[in-house]
Amino acid sequence: MESTHWTKIRRVTPWLLPHGEAPEREYVVEPESMIDITQSMACIQCGACVSSCLSMEADPDFIGPAALAKAYRFVGDPRDAETKERLHDLAHDQHGIYDCTHCFSCIDACPKGVAPMDQIMRLRRKAAEEGVDDDPNNGANHVNAFVKMIEKKGTNDEALLIQESYAPGIKGKLKPSKGAIKGLVESLPTVLRAIKTGKARSLPKLIPGVHPKLPDGAQDEVKAIYEHAEEHREEFNLYIRGEEDVEPEPDETKMEETA
Amino acid sequence: MKLAYWPGCVSRGFTTELHGSMAIAAERLGIELVELDRANCCGAGIIAEHNQELADTLNARTFALAQQTGLAMMNICSTCQGAQSECQQRLDADSAYRAHVNEVLSGQGLAYEKGKDGWTNKNFLWVLVEDYGLDKLAEKVVRPLSGLRVGPFYGCYVVRPKERLGYDEFPERDLYLEKVIETLGGEVVEYDGARKCCGFPVITMNRETSLRQAGTHVGDAIDAGADCLVTPCPLCHLNLDMQQPEAAKVVNRDLGLAVLHLPQLVSLALGAEPKELGMSKHIASTGWVEDKLSAVPA
Chain A
2 MESTHWTKIR RVTPWLLPHG EAPEREYVVE PESMIDITQS MACIQCGACV SSCLSMEADP
62 DFIGPAALAK AYRFVGDPRD AETKERLHDL AHDQHGIYDC THCFSCIDAC PKGVAPMDQI
122 MRLRRKAAEE GVDDDPNNGA NHVNAFVKMI EKKGTNDEAL LIQESYAPGI KGKLKPSKGA
182 IKGLVESLPT VLRAIKTGKA RSLPKLIPGV HPKLPDGAQD EVKAIYEHAE EHREEFNLYI
242 RGEEDVEPEP DETKMEETA
Chain B
979 MKLAYWPGCV SRGFTTELHG SMAIAAERLG IELVELDRAN CCGAGIIAEH NQELADTLNA
1039 RTFALAQQTG LAMMNICSTC QGAQSECQQR LDADSAYRAH VNEVLSGQGL AYEKGKDGWT
1099 NKNFLWVLVE DYGLDKLAEK VVRPLSGLRV GPFYGCYVVR PKERLGYDEF PERDLYLEKV
1159 IETLGGEVVE YDGARKCCGF PVITMNRETS LRQAGTHVGD AIDAGADCLV TPCPLCHLNL
1219 DMQQPEAAKV VNRDLGLAVL HLPQLVSLAL GAEPKELGMS KHIASTGWVE DKLSAVPA
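Note that the protein sequences, when read in sequence, are chains A and B.
Every letter in the first sequence is one number past the one before it in this note's numbering, and letter 193, counting from 1, is 194.
Every letter in the second sequence is one number past the one before it in this note's numbering, and letter 212, counting from 1, is 1190.
Please keep in mind that the hints were generated in silico from the structure rather than gathered at the bench.
Note that CB positions come from ideal geometry on N, CA and C, so glycine has one too.
Do not take every clue at face value.
According to the in silico footprint, chain B covers these stretches of chain A (three or more CB under 8 Å from chain B) [unchecked claim]:
(1) 130-140
(2) 161-167
(3) 186-198
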């Protein structure tokens, strides 16, 4: 019988799915285009991340860190032609990329620096970039709701986050989805208990959007950061870039200029 | 001791009792806090999921605001600590990347400077043990928590990854809660879940996985004889306390264990009363803990 580990690795289709006719010799790719996936390729299949995974402890069906790191190895491969299909599959699975609870256990357990959790987060990022935003787990909704909320308010508007995570734009829709109704209804008893003890007995905690934005022009500063960062979207991967060897000094002069 | 203070979002949202208790704890400890009221959300790892540079720049802004005060920064949330440490690690690794991020901040009269005058960002637990000192804390105790059996619950973000969170320099950071509980006169309860995940990050995505984690840890602590849990993370508090009745349904057993915020536990030993610490706002009753407290000597 195949072990659970290999069943899960097989689950993510761990081989290339190129389109078109195979070339006569090998596929030719730019070396730079492969750097992105070298971290996930460093995996030696030791399974240490799987043993340490705290999500899998609660949900044995979770695809898990090793297999999802392997999935990124193919999602990030420029030769693969089914990137979006792979991401759709992993986002829509209830035990897929949105079942990772962000506990960092796999990062500490991995002897090769693969940082499987980081690969899972890159799968989520890539899914959003590829327009896979309709998963039934509300994964993409939650991220989008959070990102938009901070741009608007600067800090967490909990009532708005709950509403938008389950039912984005519910006010503009005549018919919220089944999943949205289920999610909102399931969170009702918790909200009612919080009203009872006084935890959530104020308007900003109950009505989405009442929460104040940052004071005295600070919100505009946050907005300016959004414009800059959304334009560049730089991803600084320490595994690939490493830390600088020499400590440069000139940073201090910059501080004096702006002080 | 004077510190720039980032309370985070949740301590001013669904766990306001944490924000209030921190003010009480700081006063009783003699720590002056300068609240960064213009600072923004740390992104909780979620903004980095969407756009890493955005998370790095937002946190660089908070760091720059703190550095402007000339003070070291303190937070009261494991998640803020972890999310901010992650961004700080990237910002500190490369001067060109830092300069790129500082480009937008310079328009706001701000700049994040690596290691400026030994600048640090530490959560209350780390400040308490490393900077304030357990000896000094012991001197402030007026109501030892004798007979109170406390289970520590850290929150992933201050435990892992070790390499990022300063464990090379401070290898006992994942033992600090135990040290604080003992210093306050309480009894440490060992149980399986102390350094595990509360499940909160997936509560809207996989409710079952999320609540099973919370319910299991609370149940294990009860089985080990705990009177309460204590946590430095308000997001853990949301799953362990606010969602506790729902978690009980998922693990199919009775729970009902008080979960205290770290500043509440500290303040109780320093003589504050449960009511002023907002303990009545908790979902899981804190009555059992309150019954075990001795009176504060006049």
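Now the hints, each set against the structure:
Taking a C-beta to C-beta cut-off of 8 Å, the segment 130-140 of chain A contributes 3 residues in contact with chain B, enough for the three needed, and the coverage statement holds. Look at the segment 161-167 of chain A against chain B: 3 of its residues bring a Cβ nearer than 8 Å to a Cβ of that chain, three or more, so the hint holds. Given a C-beta distance limit of less than 8 Å, the hint that chain B covers the segment 186-198 of chain A holds, as 6 residues qualify and 3 suffice.
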